[in-house]
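Residues per chain, in single letters:
Protein chains: 2
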Amino acid sequence: MTGLELPPSLGVYGNQKIAEDIISRIWGKRGVFTCTVANTRTSTIPGVSEAGDTPELTMFTGPADAELLVSGKTTCMKGIPINPGGIPTPATLTKAALDLSGMPYYIVNGGCEIKPYVPYFDMGGECGERITTGHAVKNVKEIYEKGYMLGEMLARAYDYVIISESCAGGTTTALGVLTAMGVLKENLVSSSSPNNPKELKSKVVAEGLAAAGIEPGDLADDPLRAIECVGDPMMPANIGILCGAAKSVPVIVGGGTQMAAVIAGAVKLHPECVGNFFQGTTRWLMNDPNSSMKKIMDCISADVPIVYVNVDYSGSPYEGLQAYEWGFIKEGVGCGGSSVGAIIGTAGKITCKDLEDQVHRIYEKIMGL
Amino acid sequence: MTGLELPPSLGVYGNQKIAEDIISRIWGKRGVFTCTVANTRTSTIPGVSEAGDTPELTMFTGPADAELLVSGKTTCMKGIPINPGGIPTPATLTKAALDLSGMPYYIVNGGCEIKPYVPYFDMGGECGERITTGHAVKNVKEIYEKGYMLGEMLARAYDYVIISESCAGGTTTALGVLTAMGVLKENLVSSSSPNNPKELKSKVVAEGLAAAGIEPGDLADDPLRAIECVGDPMMPANIGILCGAAKSVPVIVGGGTQMAAVIAGAVKLHPECVGNFFQGTTRWLMNDPNSSMKKIMDCISADVPIVYVNVDYSGSPYEGLQAYEWGFIKEGVGCGGSSVGAIIGTAGKITCKDLEDQVHRIYEKIMGL
Numbered sequence: 001m002t003g004l005e006l007p008p009s010l011g012v013y014g015n016q017k018i019a020e021d022i023i024s025r026i027w028g029k030r031g032v033f034t035c036t037v038a039n040t041r042t043s044t045i046p047g048v049s050e051a052g053d054t055p056e057l058t059m060f061t062g063p064a065d066a067e068l069l070v071s072g073k074t075t076c077m078k079g080i081p082i083n084p085g086g087i088p089t090p091a092t093l094t095k096a097a098l099d100l101s102g103m104p105y106y107i108v109n110g111g112c113e114i115k116p117y118v119p120y121f122d123m124g125g126e127c128g129e130r131i132t133t134g135h136a137v138k139n140v141k142e143i144y145e146k147g148y149m150l151g152e153m154l155a156r157a158y159d160y161v162i163i164s165e166s167c168a169g170g171t172t173t174a175l176g177v178l179t180a181m182g183v184l185k186e187n188l189v190s191s192s193s194p195n196n197p198k199e200l201k202s203k204v205v206a207e208g209l210a211a212a213g214i215e216p217g218d219l220a221d222d223p224l225r226a227i228e229c230v231g232d233p234m235m236p237a238n239i240g241i242l243c244g245a246a247k248s249v250p251v252i253v254g255g256g257t258q259m260a261a262v263i264a265g266a267v268k269l270h271p272e273c274v275g276n277f278f279q280g281t282t283r284w285l286m287n288d289p290n291s292s293m294k295k296i297m298d299c300i301s302a303d304v305p306i307v308y309v310n311v312d313y314s315g316s317p318y319e320g321l322q323a324y325e326w327g328f329i330k331e332g333v334g335c336g337g338s339s340v341g342a343i344i345g346t347a348g349k350i351t352c353k354d355l356e357d358q359v360h361r362i363y364e365k366i367m368g369l
Numbered sequence: 001m002t003g004l005e006l007p008p009s010l011g012v013y014g015n016q017k018i019a020e021d022i023i024s025r026i027w028g029k030r031g032v033f034t035c036t037v038a039n040t041r042t043s044t045i046p047g048v049s050e051a052g053d054t055p056e057l058t059m060f061t062g063p064a065d066a067e068l069l070v071s072g073k074t075t076c077m078k079g080i081p082i083n084p085g086g087i088p089t090p091a092t093l094t095k096a097a098l099d100l101s102g103m104p105y106y107i108v109n110g111g112c113e114i115k116p117y118v119p120y121f122d123m124g125g126e127c128g129e130r131i132t133t134g135h136a137v138k139n140v141k142e143i144y145e146k147g148y149m150l151g152e153m154l155a156r157a158y159d160y161v162i163i164s165e166s167c168a169g170g171t172t173t174a175l176g177v178l179t180a181m182g183v184l185k186e187n188l189v190s191s192s193s194p195n196n197p198k199e200l201k202s203k204v205v206a207e208g209l210a211a212a213g214i215e216p217g218d219l220a221d222d223p224l225r226a227i228e229c230v231g232d233p234m235m236p237a238n239i240g241i242l243c244g245a246a247k248s249v250p251v252i253v254g255g256g257t258q259m260a261a262v263i264a265g266a267v268k269l270h271p272e273c274v275g276n277f278f279q280g281t282t283r284w285l286m287n288d289p290n291s292s293m294k295k296i297m298d299c300i301s302a303d304v305p306i307v308y309v310n311v312d313y314s315g316s317p318y319e320g321l322q323a324y325e326w327g328f329i330k331e332g333v334g335c336g337g338s339s340v341g342a343i344i345g346t347a348g349k350i351t352c353k354d355l356e357d358q359v360h361r362i363y364e365k366i367m368g369l
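Residue numbers (the numbering used here), protein chains in the order written: chain A, 1 to 369; chain B, 1 to 369.
Possibly wrong hints are sitting among the right ones.
Because identical chains share one entry, a pair is satisfied inside a single copy or across any pair of copies.
[What the hints assert, rightly or not] Derived lysine to aspartate or glutamate pairs resembling EDC-like cross-links, with alpha carbons at most 16 Å apart:
1) K115 - E126
2) K141 - E272
3) K268 - E5
4) K115 - E142
5) K78 - D303
6) K17 - E5
Keep in mind that the hints were calculated from the coordinates and are not lab data.
Using the sequences and the accompanying hints, generate a full structural model.
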């Protein structure tokens, strides 16, 4: 690709030059998608997470998303992960992007209480505790080191690597880690509900920091320790994959504000990777009035651009999907990153219209419509 | 490739037509190598397995081989897996084939007591019991089903798939399953020692069958049940990967007589896969006077050819490697399958001489020579 002209399906925020350089290097090339699923009991604190019909069901969301991606159905729970009101998991869009692009994909288990009934890369992690305990994640170093090896292995086989997450409660743990690292001084993280429970999240984070005996900013240079205290098991796996892969091939960090903690951790541990990765997300997240991915990224690095996909569900015949336009869901399961990757990997052949149509087919099949 | 003329590095036994058809379809194409590691406590029965310096150390062999392949060093034990006398693991040849070909590779954990310190695909399996108990493997169906999904996922991403194993005690469990299925009526399986403890292995198998309350041949139509009784956890994972992949891409079954149980199981469960896979092994195994892969294969199917690599260590300056020419080791960790795959995948560019030279470099590095 010379004289890069982005298709209208994609938009860029931040360092345009780095974004265009990376995109031009992987345009029409062969990528791999990974989704790291994990549990943190933080999601069961009533009110924190809407990524599940009830606080208890949030624990099934990550594992069920993994099953949905691999086998098209769920085994660990009945039905598919939904938010209250029946809004379907963004895995529907991820699956559309993978279907249309033919991109290979793998599940990574960062640490789950519920084991997904699919093959996954094990990272030696366990389910995370509530961050209010101040000791949220065990084996952080092991998870990170295995993630790093996995990143190297994937970079050996593909031209670029997409990482992503499904971990309910993950915006709260992200706020925890970003606060412990001193990256954020205000609560800018997102929610899968348009009614972002900001006060509750800030309170949970403050409790966690107090329980760990740390002040905001104390762990500026130690992201792995910050994760140990107030993070979740998805984070060290993805920081590892990102750092292990980005030293040799470009990486797309798929996801919303949950992945900000991953980006901040990677930038701190391996600053030399900056310039070889960008965030891949959705216009829903970029336009969210109740959070600010842009401001968060400005706090992390001026050299990690954001590339977003302009998928639009306002013309959908299904209310569950229209709800994405009303501020529900917005991101998750790498729906933005996989879409961005599918468009780039097919040299722009896949359009937003193609993705929307495929989401409808998937949604109809799942719902038996 | 038209008018296939095999390079002198490779030899074929059995159905030449099928072998040539498969090879011509993957000549110069892009494959992936997998090694499934597992433990069975059968290997700790004194005298059964020499894949380890002592019966206890045999439990570390599979996991340490996985670590050696991925990170070039071992974490779960000191030094590398050896047979008594200091003969190094065949993973040295596997690593040479992977290094030279640049082929991507993944570790699969069929069920290990010792967890390898590397990323691996988890199959939900556990360490196998001694087959003398008559209930050797738990979760066989789950391991098989997850293997099948993994086979499908790999076939999506690569032109062909290589499967293999590192599981000490695996020729004894193979004899168990092949006897329970009625495929073998005599003990034709191999050993990593030139002094194959045939009587002991037959006795252990007879005990296992008696404990399970089955007669030879009783489980002709139920390989998964045979594995449950007298197999090991490597088997259902590899049968699954083989069947899941071979319905769409060719598969190379890397390994010796241990893999005969995998082939027999796959042929029974998915006979339609026959014609889309062959065994990949070494001339050491093919020439073994104390076992007969040829006879075993004749008992399983006339349509599963064997392709072997003509690697020869007789000119090696190192006694540990020369020992391969005296009947030690012969196979394991997919050393034959990965070599065959490396030669085919590079359209014959890699020769036996290249592999031998690279093995020397790896051996010298490991031994600090």
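- Message: Are any of the numbered hints broken by this structure? If so, which, sorted upward?
- Response: Violated hints (numbers, rising): 2, 3, 5; every other hint is consistent with the structure.
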